[in-house]
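Taken in sequence, the protein lines are chains A and B. 1 is the number of the first residue of the first sequence in our numbering; add one for each residue after it. 1 is the number of the first residue of the second sequence in our numbering; add one for each residue after it.
Because the hints were derived from the structure by calculation, they are not lab data. Check the hints yourself; a few may be wrong.
Put simply, identical chains are the same to the list, so a pair is met inside one copy or across any two.
DSS-like cross-link-like pairs, simulated, lysine-lysine; straight-line CA separation at most 25 angstroms [stated by the list, open to error]: (1) K280 x K207; (2) K79 x K281; (3) K212 x K79; (4) K207 x K194.
2 protein chains.
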Amino acid sequence: MAKNYIVADVGGTHIRVACFPIQSQKPTIVKRIPTKGQDSPHLRLINLIGSMNSSVDEIAAITVAVPGPCDPYEGIIYKAPNIPSWVNLPLKKMIQEQFNVPVAIGNDANLAALGEWRYGAGIGHHYLIYITVSTGIGAGVIINDQLLLGVRGLAAELGHITVLPDGPLCSCGKQGHLEAVTSGPAIAHWVEQKLGQGASSSLTMDKPLTAKDVSAAACQGDKLAREALARAGTYLGIAIMDFLHIFNPSLVIIGGGVSRSGESLFEPMRTAMSDHALSKKYLEDVVITTCALGDEVGLMGGLALAQSLDTLSPCQ
Amino acid sequence: MAKNYIVADVGGTHIRVACFPIQSQKPTIVKRIPTKGQDSPHLRLINLIGSMNSSVDEIAAITVAVPGPCDPYEGIIYKAPNIPSWVNLPLKKMIQEQFNVPVAIGNDANLAALGEWRYGAGIGHHYLIYITVSTGIGAGVIINDQLLLGVRGLAAELGHITVLPDGPLCSCGKQGHLEAVTSGPAIAHWVEQKLGQGASSSLTMDKPLTAKDVSAAACQGDKLAREALARAGTYLGIAIMDFLHIFNPSLVIIGGGVSRSGESLFEPMRTAMSDHALSKKYLEDVVITTCALGDEVGLMGGLALAQSLDTLSPCQ
């Protein structure tokens with residue numbers, strides 16, 4: 001019988017589940033449903049996995065990328081900001097009881113790092129940092145070919161390092177974290193504040209701004225929009241330089257919507273990196289790049305996790 | 001014939017070399033000489049190792065803790081701030097050619113982390129951070145029972161993360177690094193600046209101040225001295241919270257002279273950690289402690305490195 005991995009990628013909006021034959025990187029089936037519906041999201045997920053089950057011969061393992069911090073050892077989701085009912089949810093156990101096969105879960109940004117390392121921009125690198133700058137900032141780190149997890153699986157929260165001790169409030173409620181300065185909403189909020197103070201710009205407060213609006217205005221040469229992206233890029237650069245001092249990786253992969261702002265963001269980022277580098281050596285050996293796997297990164301990370309289960313603990 | 005490890009700890013002032021029987025944690029011989037003399041420091045080191053050689057039956061391996069960034073894979077010292085002639089010095093090769101046994105070198109703070117993990121405060125922990133706050137700030141990180149090295153061995157430079165983007169100049173020439181705010185000289189310099197601005201204190205500018213003077217004055221209730229340590233402690237706390245978000249360790253070991261300032265430093269440090277924590281979970285599972293091995297930490301780290309050589313690559 002042909003063996004398959006079932007890989008799920010759960011977002012705040014959609015759940016996707018794919019079936020990969022164990023020797024393949026191409027899914028034979030991919031199904032997608034909205035995360036929210038009549039049943040609770042974890043029942044919807046389990047039902048969707050079940051609907052795959054009936055179409056494949058045998059399941060070798062099931063993995064799930066979850067949108068929030070989790071304990072990958074115990075398989076418990078601590079909290080998923082976009083799925084309010086998922087607090088301390090023992091998802092691994094729930095799925096295992098249903099299907100009786102090896103199950104593993106991982107934070108989506110952590111698994112994205114694993115996916116890029118195994119199948120994407122990070123192939124061949126032993127030390128890499130993946131950082132996605134979007135509504136929030138997610139990250140994952142590969143050290144010596146292993147995903148950095150920490151004692152409770154809470155490591156690699158690179159978006160929550162403090163870059164401006166007295167800076168703006170972060171989504172987590174604390175002050176001055178990178179996410180509070182460089183995420184999409186943070187960039188839009190900074191522009192709105194400046195407009196409120198009477199700054200002149202092609203941007204207006206007629207409707208709530210997004211980082212995409214700011215990025216588009218910057219492309220058109222809007223000075224305030226450029227300043228906003230330069231500020232975000234500068235703090236991103238300071239933070240990335242911190243990560244280079246901390247991890248000395250050979251690759252930094254930057255993803256997420258904000259990273260599509262281009263040179264308005266990246267040029268000040270590179271300047272800040274150079275301005276804060278302890279030594280040129282940190283910059284000589286590192287490549288800064290964008291992600292290669294696009295929307296597939298969650299599924300490919302889940303596939304890499306499933307394969308590592310097979311290799312590392314076949315009896316799990 | 002009895003086999004021995006020869007372990008050297010090179011500082012800016014002294015070179016110490018110890019001989020450990022391979023099954024023992026107690027050296028049978030320890031010799032110490034000044035680092036500087038008629039010969040160049042690496043010749044003095046090699047001669048001292050040679051003088052051990054004649055007194056022991058057989059050398060299983062030689063390790064050296066070096067006072068600066070180095071490439072532990074190639075065994076090259078990039079730069080030793082206190083030994084100006086050590087720039088791109090291929091120390092491993094030099095020692096290997098002389099004694100024809102396995103040789104490994106490591107940054108002293110990295111090896112201190114390894115020593116504390118194997119023999120000191122970190123026994124039983126799988127993820128720990130060691131940070132020593134003194135004239136500079138050195139650090140080492142254990143992840144999943146392995147020393148964090150990075151692609152060129154330059155990782156774990158925790159003292160050079162930026163905590164105050166527009167802050168004071170660091171010893172490395174860049175602005176606002178943790179070392180520029182929390183090291184001993186940085187604390188003393190801040191007090192001197194305040195005295196220069198007319199701040200009242202029991203401390204005076206009659207002679208150059210040290211962090212030890214500031215610490216003593218703080219113990220006596222001096223307000224300016226307490227403020228200086230509170231400032232240093234606050235930024236140390238912000239940085240340590242960054243490291244908890246990044247590594248999610250179960251242990252943080254703080255060493256170095258500045259850490260002897262006690263609660264004047266640690267109370268504001270803990271407050272800052274709590275103020276910047278993404279979630280209480282990061283603080284629930286972590287113990288903050290002081291180092292256990294004192295002045296022996298370099299030699300014990302070198303011993304742990306020698307033992308890992310034996311285990312990991314017996315044919316090296």
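Any hints from earlier that this structure breaks? Give me their numbers in increasing order, please.
1 and 3
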